[in-house]
Amino acid sequence: MLKINNLSRSFEKVKAVNGLSFEIKQGEVFALLGPNGSGKTTTIKMILSMLKPDSGSIEFLGQTITPKMNEYKKNIGYVPEQAVVYENLTGLEYVTFVGNLYDLTDDLLTKKASKLFSLLEMGNAKDQLIREYSKGMKQKLLLITSMIHNPKLLIFDEPFSGLDANSVAVYKEIIKEQVASGKSILFCSHILDVVEKIATRILIIKNGKELVAGTPDEIISSTKFDSLERAFNELTGQEDVDSKAKEIVDLITDNGND
Amino acid sequence: MTESSQQVDKRQRKILYKTALKIDWRGSTNPFTAMHGKKGKFPGIVAVMFINIFFSFMLSMLFRIAPSFFLGLVLASTGGMIIIGIQLLIEYSHIIISPDDYHVISPLPVNSKTYFQAKLMHLFSYVSILSLSVSFFPAVIAAFVFESFIIFPVVLIQFALVNYFTAFIIMNFYTFAMKIINRRKVERVLLYLQFAFVTSFYLGMQIIPKLLGEYFKGSSSETLLWVKFLPAYALSSWYLLIQDGWDAVVFSYFIVAVIVLLGLFKISTSFLSLSYAESLAKIDNEKKKQKFLTPTFILLLWNKISSIEERIILKLFWSEFKHNTRFKMQLLTILPLFVYGLYATYTNNESIVDPFNIIETSKDTAIFMPMLMSFIPFTLMMAIQYSKSWKASSVFFYTSCDKTKIMLAAKKNIMFLFLLPLSVLLIFMYGYYFDNYFHASLYMVFVFSNLMLAVNIMSLFSIRVPFSADMATAGKFTLEGFIVMMTVPLILIPIIIVNSIGFSGVLSWSLITTTIFLINYAVWKFSIVRIKNKIEKNEFLG
Chain A
1 MLKINNLSRS FEKVKAVNGL SFEIKQGEVF ALLGPNGSGK TTTIKMILSM
51 LKPDSGSIEF LGQTITPKMN EYKKNIGYVP EQAVVYENLT GLEYVTFVGN
101 LYDLTDDLLT KKASKLFSLL EMGNAKDQLI REYSKGMKQK LLLITSMIHN
151 PKLLIFDEPF SGLDANSVAV YKEIIKEQVA SGKSILFCSH ILDVVEKIAT
201 RILIIKNGKE LVAGTPDEII SSTKFDSLER AFNELTGQED VDSKAKEIVD
251 LITDNGND
Chain B
1 MTESSQQVDK RQRKILYKTA LKIDWRGSTN PFTAMHGKKG KFPGIVAVMF
51 INIFFSFMLS MLFRIAPSFF LGLVLASTGG MIIIGIQLLI EYSHIIISPD
101 DYHVISPLPV NSKTYFQAKL MHLFSYVSIL SLSVSFFPAV IAAFVFESFI
151 IFPVVLIQFA LVNYFTAFII MNFYTFAMKI INRRKVERVL LYLQFAFVTS
201 FYLGMQIIPK LLGEYFKGSS SETLLWVKFL PAYALSSWYL LIQDGWDAVV
251 FSYFIVAVIV LLGLFKISTS FLSLSYAESL AKIDNEKKKQ KFLTPTFILL
301 LWNKISSIEE RIILKLFWSE FKHNTRFKMQ LLTILPLFVY GLYATYTNNE
351 SIVDPFNIIE TSKDTAIFMP MLMSFIPFTL MMAIQYSKSW KASSVFFYTS
401 CDKTKIMLAA KKNIMFLFLL PLSVLLIFMY GYYFDNYFHA SLYMVFVFSN
451 LMLAVNIMSL FSIRVPFSAD MATAGKFTLE GFIVMMTVPL ILIPIIIVNS
501 IGFSGVLSWS LITTTIFLIN YAVWKFSIVR IKNKIEKNEF LG
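First to last, the protein sequences are chains A and B.
With the numbering used here applied, the first sequence covers 1 to 258.
With the numbering used here applied, the second sequence covers 1 to 542.
Keep in mind that the hints were calculated from the coordinates and are not lab data.
Wrong hints could be hidden among the right ones.
27 Å max Cα-Cα, derived DSS-like pairs, lysine-lysine [stated by the list, open to error]: (1) A:K25 to A:K74; (2) A:K13 to B:K412; (3) A:K52 to B:K534; (4) B:K532 to B:K388; (5) A:K68 to B:K412; (6) B:K525 to A:K68; (7) B:K525 to B:K537.
Full structure from sequences and hints, please.
Next up, the structure:
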C-alpha cells in the first residue's frame, strides 16, 4: 500500500531523515518508533506532502507521490502529533469543515459526525467551541476527522496522547476493526506496551536512519530483554536506564549537606 | 496556615514581580498593539507606549487652547485617564489579575500576602509606565506654554494620580460587571469600547481641538460648571491648594478626592488575591453551547451558488471575526475611517462630485474617500493571512483539498462578500451627494471593478493559504507586505482621474469600466496559473 524508498530530508545542516526505506502492506499495523527527534514526524509529513523530500520516493497505492499531487490524500486519514485545530470552531463545525475538504457533503457529515461524537462520549460537546475542549477531547475530535472519509491508510502520530484508559481501549479496538476491514495503519507512539500488543510490524529509527525492523517478537528477541519497552531502550542506546534513574534521584535527594 | 506561612516572602515577591514585568516586556494581547502592527517587532508594552505618545500630542493641544493651566491640567489628565482606562480594560486579565495565576501559582507554596504585594507592585509599575508615556509630552508642552518648569512635575504627578484612580475604578467596574453579566458579555462590551476609542482617535485629532478652541473663548474653570464634576478636578485640587493657598471649597474637594481614592484602593485590593483568580478561572471554564445563525435567504442563496472551498473559507472567516478580537478590530477600523473620510472631505473644503456631472466649482474633488476605499482590499488581504490557530492550517496540507481553489475562494469571498456589499452601501451615500442614484450606481460599479483589480493584483504577490501565518508575525514589515501595499496607489490612479475629469457620459463610462473588467479577467486568469505554481511549492511551516 505504501512504499518509502531511500527517503531523506535535511533542515539546514541537520539530517532529519536519512535514507529511510520501508513498506506497509494492506491490513498491517505498522509502528514507526524512535526517540524524540528521530525523524518520525518528518517522515509522516513527507508522506502527506506537507514537506518535500530532498531525495527518495514515496509510492502510495502503486503511484509515486509528487508534491503537487492531492487526490491520493483522499485515501489517507491523519491524526497529527499536536492537536492543532481551529479552536474558534465548534467540534461539529470542525468535522464538517475537514469533511468538506475531503469533498464530503454537509448532510452526510452531520449525520456521521453526530453519531461519532455520541459513540466517543462527546455528544454534549459537539456544539461547544474547541477552545473549551480538553486535550483528550481534541484528540478524539482528530480521530473523528481522520476517519470520517473512510480512508485506506490511517496515519496516527502519537494518537493516545491525553486520552484516558477507556478511550485508549476504544482507540485500540478501532485500530483492530479498521485493519480487519482491510485498512492499513501507520502509527507512532511512545506507549510501547500498546504498540507491542497491536503492531504487526515495527520499524525503530534513530537520527533519521533505520535501526531495526521486524515483528514485535523479532525485535524483542534480538535483545536480552523480554518487553518492547526495554528492547527499545537497549536498541536506542538507553541501556543504562536503571543507573541513570538512580543517579537522578541521588542528585535530587542530595541537599549539599556533606 | 501557620503564622510564618502568612509572612510576606520577599524573595518570592521579587520573583513574582520580576516575572510579571518580563511577561509585559515579552508581549501582551493588547489589540492596539496588533492594530498598529507592532506585535512581534516590539515588546507589547513598548508598542502601547508609542501609541500613548502619539495620543499625548493630542492631549498637549489642550494646554494650548485652555485659557488657564489648571483647566488644561484637568482636561488633559481626564483625556489621559480615558486612554489609560481603556488600555487597562483591554489588558485587565493580563495586568490586573489573570485566571492563569490560579492555575500556575496556586499549586506553589506562595501565600496570598506575597501574591497580593507582588500584584500590587506590578500594577503600580505598569500604570506608572503608561502614565509617564501619556504625560511626558503634555508636561513638556505645558511647561513651555505657561513658562514655568515647576509645571513639568505637576503634570506628571497629576496624570499618575488620575491613572491610579482609574486603575482602581476599572478593578471595581470589572468585578461588578462580572457579577451582573457574564465574562463574555463584559468582553464584548470592552470590544465596543475599543471601537469607540479608535473612532474617537480618528475624529478627536481633528474635531476636539477645534470645537474646544471655540468653546473655551473667554471661559475658565470657574465659569465651566461641568468641569467641576470631572474626577480629575477633585484629584487636581492638591495643586490649587499649593498654588493658591487655603480655600475651604478646594479643600473639601481635596478631602473628597483622598477619601474616594483610599476607599477605592481598599475595595480594589481585595481583588488582588488568588481566590479571586480562582473565581475568574471558573468563569473561564464555563462551557457554552454555540448559537447558530438561522439560515437566512442570503445564506441559503450563498450556499447554492458558492463552492465548497468558498464556504470553508467563509466558515473560518466568520469564526475568526466572531472570536478573534484582533481580526475583528482590523476590519471594524474601516468604519470610523469612513466617518473620518467624510469629515476630512468637508474640513478640507472638498466635495464629493458626480463624475458624470462635473461643473466648475470652487471646491476640489474629494480624493480622501477613494483613498480610504483603496485601502480596504489591502486591509482584508492582509487580515486573512494570520490566525492564532495558524498551525491548524496543516489541514489544508494533509487533506486532499486543492490549495489553489482555497486561495481563490478567499479572493472571491473578499470580492463578493465584502467589497460588493460595501459598494452597494456606498451607492446610497454617493447617491445622496450626487442627487442621482443612477450615476452613483454606475460610479460604484467602476469603483468596485478597481477594488477587484486591487485584490487580483495583490493575490499575485501574497500567495499563502488563508489563516496560515503566525499571528505573532502580523504587522512585521516585509518585502511582500510592501509590494502588496504598493498596489494601493496603483489602483487609486484611475479613480482619481475619473474623479477629476469625469466620465463625460455613459458611453465613456462603459468603455472605461469594461476595460478595467477585462484587465481584471486577464489578471484573474494569470493569478490562477501563478498561484498554482507557487502554492503547491509551499511547505507547511508548523
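How the hints compare with the structure:
1. Taking the CA atoms of A:K25 and A:K74, the gap is about 18 Å. The hint holds against a cut of 27 Å.
2. In summary, the hint linking A:K13 to B:K412 is not supported, as the alpha carbons are separated by about 41 Å, beyond the 27 Å threshold.
3. Restraint check for A:K52 and B:K534: satisfied, since their Cα atoms lie roughly 14 Å apart, inside the 27 Å limit.
4. Between B:K532 and B:K388 the alpha-carbon distance is near 26 Å, which keeps this suggested pair within the 27 Å criterion.
5. Pair hint A:K68 plus B:K412 holds up; C-alpha atoms about 23 Å apart against a cutoff of 27 Å.
6. Proposed proximity of B:K525 and A:K68 is supported: the alpha carbons are some 20 Å apart, at most 27 Å.
7. Note on B:K525 and B:K537: the hinted pairing holds, with a Cα-Cα distance of about 19 Å set against a maximum of 27 Å.
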